[in-house]
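Chemist: Now for the letters of each chain:
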Amino acid sequence: MLLAVIGRSAAVTVAGLVILIAGFLLLHAQPALREIGFVRFFADASWNPSPGPEGRFDIVPALVGSALATALAALIAVPIGITAALGSTFFVHRAVARLVDSGVGVLAGLPSVVIGLWGLTALVPWIARIRAPGASLLAAALVLAVMVVPTIYVASRGAFKSIPKTCLDGATALGMTRIGILRAAVLPTVKPALAVGAVLAITRALGETMAVVMVAGNVAAIPRSLFDPVRTLTANIALELPYATGLHRSALFAGGAGLMALTWSLVVLGRCISRAWSGEHND
Amino acid sequence: MTEARIHRSTTSKSDVAVQTASWLALVALLVPLGLIVGDLLMRGATSLSPQFLVDSPSKAGREGGIGPVLLSTLLVMGVCLLVVVPLGLAAAIGLNEYLRRGGFAVRTVRIALDVLAGTPSIALGMFGYAFFCIALGMGVSILAGGLTLACMVMPLYVRLSEQALRTVPDDVRAAADALALRRYTAILRIVLPVAAPGLFAATGLALARALAETAALLFTSGYVSRTPGSLLDPGRVLAVHIFDLSMNVPGGDGPAYATALVLVALLLSVSGVPRLVRGFTRRWSHPV
Amino acid sequence: MSQIDNRARALLPWCPMEKTAPCCTPRTYLEVTDLTVKYKNTTALRHVSIEIPRGCVTAIVGPSGCGKSTLLHVINRMTDAVAGCDVRGSVRLAGAEVLGKGVDLRMLRRRVGLIFQRPNPLPLSIAENVLLPLRDHGFTGREERASILERVLHEVGLWDEVAQRLNAPAATLSGGQQQRLCIARCLALLPEVILFDEPCSALDPIAAEIIEQLICRLRNRYTVVIVTHNLAQARRVADFTAVLWNREGASSLVEFGKTRHIFERPTQGLTSLYVGGVTG
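Chains as they are written, first to last, in my numbering: chain C, 45 to 327; chain G, 1395 to 1682; chain F, 2 to 281.
The reader is advised that the hints may include incorrect statements.
[As the list claims (entries may be wrong)] Mimicking SDA-like on lysine to any residue, the simulated pairs with C-alpha atoms at most 25 Å apart in a straight line are:
| id | chain 1 | residue 1 | chain 2 | residue 2 |
| --- | --- | --- | --- | --- |
| 1 | G | Lys-1407 | C | Met-220 |
| 2 | F | Lys-259 | F | Pro-27 |
| 3 | G | Lys-1453 | C | Pro-286 |
| 4 | F | Lys-41 | G | Gly-1497 |
| 5 | F | Lys-39 | F | Cys-86 |
| 6 | C | Lys-205 | C | Val-311 |
| 7 | C | Lys-205 | G | Leu-1424 |
| 8 | C | Lys-235 | G | Asp-1409 |
| 9 | F | Lys-102 | G | Ala-1568 |
| 10 | G | Lys-1453 | G | Gly-1623 |
| 11 | C | Lys-235 | C | Leu-212 |
| 12 | F | Lys-102 | G | Phe-1498 |
| 13 | C | Lys-235 | C | Ala-215 |
| 14 | C | Lys-209 | C | Val-140 |
| 15 | F | Lys-259 | F | Leu-215 |
| 16 | C | Lys-209 | G | Trp-1417 |
| 17 | C | Lys-205 | C | Cys-316 |
| 18 | C | Lys-205 | G | Thr-1561 |
| 19 | F | Lys-39 | G | Arg-1567 |
| 20 | F | Lys-102 | C | Leu-46 |
| 21 | F | Lys-41 | F | Arg-89 |
| 22 | F | Lys-102 | F | Thr-37 |
| 23 | F | Lys-102 | C | Val-49 |
[To be verified] Ranges between beta-carbon positions, derived for each pair:
| id | chain 1 | residue 1 | chain 2 | residue 2 | range |
| --- | --- | --- | --- | --- | --- |
| 24 | G | Thr-1440 | C | Ala-87 | 51 to 61 Å |
| 25 | C | Leu-218 | G | Leu-1582 | 50 to 60 Å |
| 26 | G | Gly-1472 | C | Ala-172 | 34 to 44 Å |
[Claimed, not checked] Covered stretches of chain F (in silico footprint by chain G; criterion: 3 or more residues with CB under 8 Å from a CB of chain G, positions within the stretch not fixed):
| id | region |
| --- | --- |
| 27 | 109-120 |
| 28 | 181-187 |
Since the hints were made in silico from the structure, they are not lab data.
We put the CB at the ideal spot given by N, CA and C, even for glycine.
Sequences and hints are given; from them, build the entire structure.
Modeler: Shown next as structure tokens:
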């Protein structure tokens, strides 16, 4: 009996955490929202959060930075991840596939600081040779892509593996080309899973902080080219929170709350996709 | 789950193209891995030595070692696991064994877990700072860091534990039902032992995730690189040390790489051990 | 068919087929009345009524998929755990209703044991498979439990085979031994009714034979209901036989009576077609 109570209350506690988190973030964001007001976050001229009336809280550059970096990373990672998963599942020797799986596992487990370290010491100088300063939107996107591609690979691989052999056999017996077989037997059923994988990857990329901080250059302005430095929302918080006080800090909390809301909607979106397209209960 | 190969039945150009494309993708996937691991080994191995693991950092970390950092890491992980394992296991048992499948409670908890899992770690760090450090008065400390990490890692652990619990075959559960065993007897004496290897794996993977975390700990367990005296002292974990060395300390790249090597080695061993445990316990599980 | 009859007769002299059941005037012990069971949208059983006599072996036969297992699972309310299962009608055990609210399921499942189609020993040692349920149901004395263990293992004929390795995992036993272990742990709880759901279908013929002998030995002390799709088996072990058939999408009872009558002088045309091997 005791175990039942413990079990049920633990489950509820875990769920309650989410409410607690949202609550505290909003609590600390309150002052900024009240005093600065929602509109100014988008209308101010720049991000210059000094105390006093000269403070400017334009969050648009950071938003754009996050959006661009994430979008580019997805653009790179999604095709590579899906194609690689296709290859592993259908076209290469089983031993090779296992090797790749292990490799991706290791890649997925690498801490973001380690990837950021590599980015800082190897990738950025390499980009700098093409165009200074090196720490740029491109670097951020590449590093994010590296971090996010395992998610896509694993999600796609799972979806591809679950296709029953009989289904493939039917298409093969018709003498179809590989692309034809994929389009006939594989693609129809895996679309939702791939979409969910992509949403998961985007969620992860949006929330990534450390690697981006280390390679993105962190200038709070909208980048004009791939090689311009950029600052994301997450980097904004990570760099300034230790030194921020008062209204500035509150503004950062507001940014954090906004980021949370964004990722939470993405998570819900992902769940809706998987439920709607596959038609069964996502439990 | 069958693994099928699509063998080439025609020699059309599209077949070749598809083959080439997938090989290219596989290479593109593994090249960064090779580069990163290669760099780690090349640049990190030179600064690594047994002394490195024990000494305190000096000259802002350019010299000396990572002794206190290792200790802080150990303490933070300890606090995290001490909270995550009991609470997470209880929640997994509650979800899998006691709450009605598909009921309102289960669906709500699952959405909550998914959402929690998707929360950016920096946001969790801010929450940890606001809640544990300020509201609960722990200040920037190992304790606050461990608790924040627990929040971060909890969804993963609950999901993995649930998977482990579900590996118990249905007919064993049916047998327990038909014998009208009390629920908690069935769970403690049958379900948990069968699920044990999976649960160990879950702990290992959760620990690996926690070790890799930086952003959540920046504001909660702190930057201080001294040896912590108690759980309420601030302390720096390995990941934060790497960050500091590479971003704020000119010439800190060497020790940064060495530390990164230590961290990755730790990660690999922590995720690898559960696999060995699995082998030993096979004899007792139900022959399916 | 007659070859199997003769051989069966030779092996099981105490399992009468020609003679009537020892309980000459059998009293009804388990009464199923107007039972209708639906899973979501499909009806498994429709208006089934059977009276199971006490102390006898009753076989429930019929083609595959006609709800025989469902009938058993309803009796000890295993169907409670199945989502979307709707049970209507009445099942009475010694007069008391089993299907209502407020029925003590633990007590019910002690009094009515269920043996599954595939042997499902608990992932514990051989001894623990019997001892754990005993402990859980409140048998506190260690001596008492040990003696019960020995008794039931003797009863199912396992004692000689496993006495030396009671602490070995149950998973190391053969299929037939595992099934006997499952029967043993059921017997340890002193049931009144034992339900067998196609107990031999997952076993080789020799192991099946041993189980059948065991079932015959259980007669008189227990009320046995055995579901089987093997007509020869029903002839060998059962005193009474019920024939279920799938009609209009759901299963219903076609005929019920003494086994000899069902096989030699059935009253329903469908029965004679089925037992004659013509249909089903």
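Chemist: Starting from C:Lys-209, check that the Cα of G:Trp-1417 is at most 25 Å away, please.
Modeler: Status holds; Cα separation ~22 Å.
Chemist: Hint check: F:Lys-39 vs F:Cys-86, CA-CA at most 25 Å. Holds or violated?
Modeler: holds, 6 Å
Chemist: Would you check the hint for C:Lys-205 and G:Leu-1424, treating anything up to 25 Å between C-alpha atoms as holding?
Modeler: With Cα atoms ~20 Å apart, C:Lys-205 and G:Leu-1424 stay inside 25 Å; holds.
Chemist: Given the hint that F:Lys-102 pairs with G:Ala-1568, test it: the Cα-Cα distance must not exceed 25 Å.
Modeler: Holds - the C-alpha atoms of G:Ala-1568 and F:Lys-102 are around 21 Å apart, at most 25 Å.
Chemist: Check whether the Cα positions of F:Lys-102 and C:Val-49 lie no farther apart than 25 Å.
Modeler: The hint holds at about 23 Å.
Chemist: Compare the distance between the alpha carbons of F:Lys-102 and C:Leu-46 with 25 Å, and conclude whether the hinted pair is satisfied.
Modeler: Given pair F:Lys-102, C:Leu-46 holds - Cα atoms ~24 Å apart, limit 25 Å.
Chemist: Does 50 to 60 Å hold as the CB distance between C:Leu-218 and G:Leu-1582, or does it fail?
Modeler: holds, 54 Å
Chemist: Does the structure keep F:Lys-259 and F:Leu-215 at a Cα separation of 25 Å or less?
Modeler: Given that 25 Å is the threshold and the Cα spacing comes to 21 Å, the pair holds.
Chemist: Given the hint that F:Lys-41 pairs with F:Arg-89, does the C-alpha gap stay at or below 25 Å?
Modeler: Since the Cα atoms of F:Lys-41 and F:Arg-89 sit roughly 13 Å apart, the hinted pair holds (cutoff 25 Å).
Chemist: Assuming the hint says 34 to 44 Å, is it satisfied by the Cβ distance from G:Gly-1472 to C:Ala-172 or not?
Modeler: Between G:Gly-1472 and C:Ala-172, where Cβ atoms are some 42 Å apart, the hint holds.
Chemist: Hint check: C:Lys-209 vs C:Val-140, CA-CA at most 25 Å. Holds or violated?
Modeler: The hint holds at about 20 Å.
Chemist: Regarding the pair C:Lys-205 and G:Thr-1561, is the alpha-carbon distance no greater than 25 Å?
Modeler: holds, 19 Å
Hint compliance for this structure: every hint is met.
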